[in-house]
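Enquirer: Residues per chain, in single letters:
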Amino acid sequence: MRTALVSRPLIPSELLAEVAAPANGAAILFVGSVRELNEGRSVSGIEYDAYGPMAEREMTAIVREAVVAFDTPHIVVEHRVGHLDVGEASVVIAVAHPRRAQAYEASRFVIEQLKRRVPIWKREEYLDGSREWVDPTAGPPVLPAVLPSVHP
Amino acid sequence: MRTALVSRPLIPSELLAEVAAPANGAAILFVGSVRELNEGRSVSGIEYDAYGPMAEREMTAIVREAVVAFDTPHIVVEHRVGHLDVGEASVVIAVAHPRRAQAYEASRFVIEQLKRRVPIWKREEYLDGSREWVDPTAGPPVLPAVLPSVHP
Amino acid sequence: MTVSALLFASYADVLGRRSVALELSAGATVADALNEIRALPGGERLPAQPLVAVNLKYARATQVLASGDEMAVIPPVAGG
Amino acid sequence: MTVSALLFASYADVLGRRSVALELSAGATVADALNEIRALPGGERLPAQPLVAVNLKYARATQVLASGDEMAVIPPVAGG
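As they're listed, the protein sequences go chains A, G, R and Y. Taking the working numbering, the leading residue of the first sequence gets 2, the next gets one more, and so forth. Taking the working numbering, the leading residue of the second sequence gets 2, the next gets one more, and so forth. Taking the working numbering, the leading residue of the third sequence gets 61, the next gets one more, and so forth. Taking the working numbering, the leading residue of the fourth sequence gets 61, the next gets one more, and so forth.
Note that these hints are calculated values from the structure, not bench results. Bear in mind that the values here come from a model prediction, so they are computed numbers and not experimental data. It is possible that part of the hints are untrue.
As the list claims (entries may be wrong) - Only pairs whose alpha carbons sit at most 16 Å apart, straight line, appear in this in silico EDC-like list of lysine to aspartate or glutamate:
#1 R:117 <-> G:57
#2 Y:117 <-> A:126
#3 G:116 <-> G:57
As the list claims (entries may be wrong) - Negatives, chain A to chain G, calculated, CB over 10 Å:
#4 6
#5 10
#6 29
#7 36
#8 57
#9 82
#10 137
In this text, a Cβ means the ideal position worked out from N, Cα and C, and glycines have one as well.
Turn these sequences into a full structure, and let the hints steer you where they fit.
Expert: Structural data, given as structure tokens:
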């Protein structure tokens, strides 16, 4: 397992190669990238900001949880920060497992937890020149439900 | 969308590149590969055989169904036939979608249907020199449940 | 009429061949064709109701065959 | 005692700074620190109960702070 917050372009195939092992029958690679359209607005790019030390800590905690819950050491996550153009990868998650069901589930677990817990923010830049911090929460911010058990 | 039955090594990163588009925020790459151990036996390699024309037809039908059900044209599948060593990829499925939930679901749909419907067989070769056709069915073979609606 | 039947994987192994040309009466069904195959050496080792495809589509045992059809007896699939 | 508070993204924008050194009484809690931040220019635009981390871990408003703690006010996260 490995996690990293990086400011260089992500190379998905390198993460896929990193989780390969003869015991594994399935590998899942998730690549999140900058979309040209978000909620009807034309996006020209995204600036990712992070609370670096805490983001690294949370990403590591999430991957540790997945390693235990899904019983595979072969999970690697990289998240990029800084300015990204449309189409560039912001996050790559590679999971390999002897069985495909667990590989899918572990991959999904990691991205959902990452989006919920890791202190990373993005400011979308629009074609009209404006820019805005993205707030995925519908209502007021709440403590993540997993908080007490995750940070004993 | 594209499907292929091929006898050369699969290159997952090429399929990932093939589904990339500015409208997509998520890409899922599934890579199935030959495990060194299956049901407790040490595997040295696998020979994949297929009913070529029907396998191509079924793979195309599955991907068409996924394109409609999950609303993305960006699905590419390649399945390899012939002899594979441990660690080599037997199947690669690349899906990209504006949203990650649908990308995961479409990927999972394609691999599950592929394993259920596509006429491909594998003969495992074991370290002790023996070899055996793999029969994933527990009981007697039955018509796939989806048959009537899939082939109207 | 003549119908060609393809055999694959373990079924090709037990029958020792990958195809057979069947001479069938007009109106013969998939089930009839399977009975012919079962009468061949090794054919007794086929399961009671193997999967069958006709002209690249999965078919039921009751499907009526036509001259020139390509039938295939499909062992349990194991792709992926 | 002194506690440093980090501000990020939209919260850094509304307060016009990325960090602030807070002078707090012994026994002060996260909620007390937030009140100090809210008294700064722009601080009134923070939500009623923002997420907070202390020393890299999410913390509750009732958590007591210690001198030298690194507190961070965490806007809604949007990674991935």
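Enquirer: If a hint holds in the structure, say so; if it does not, say that too.
Expert: Taking the hints in turn, this is what the structure says about them:
1. R:117 <-> G:57: 11 Å, holds
2. Y:117 <-> A:126: 30 Å, violated
3. G:116 <-> G:57: Holds, at about 13 Å.
4. 6: 20 Å, holds
5. 10: Fine: 14 Å to the nearest Cβ keeps residue 10 of chain A off the interface.
6. 29: 6 Å, violated
7. 36: Non-interface label fails for residue 36 of chain A: nearest chain G Cβ at 4 Å, not farther than 10 Å.
8. 57: Residue 57 of chain A is indeed farther than 10 Å from all Cβ atoms of chain G, at 22 Å.
9. 82: 18 Å, holds
10. 137: The claim holds: residue 137 of chain A sits with its nearest Cβ about 13 Å from chain G, beyond 10 Å.
Taken one by one, the earlier hints fail for this structure at numbers 2, 6 and 7, listed in ascending order.
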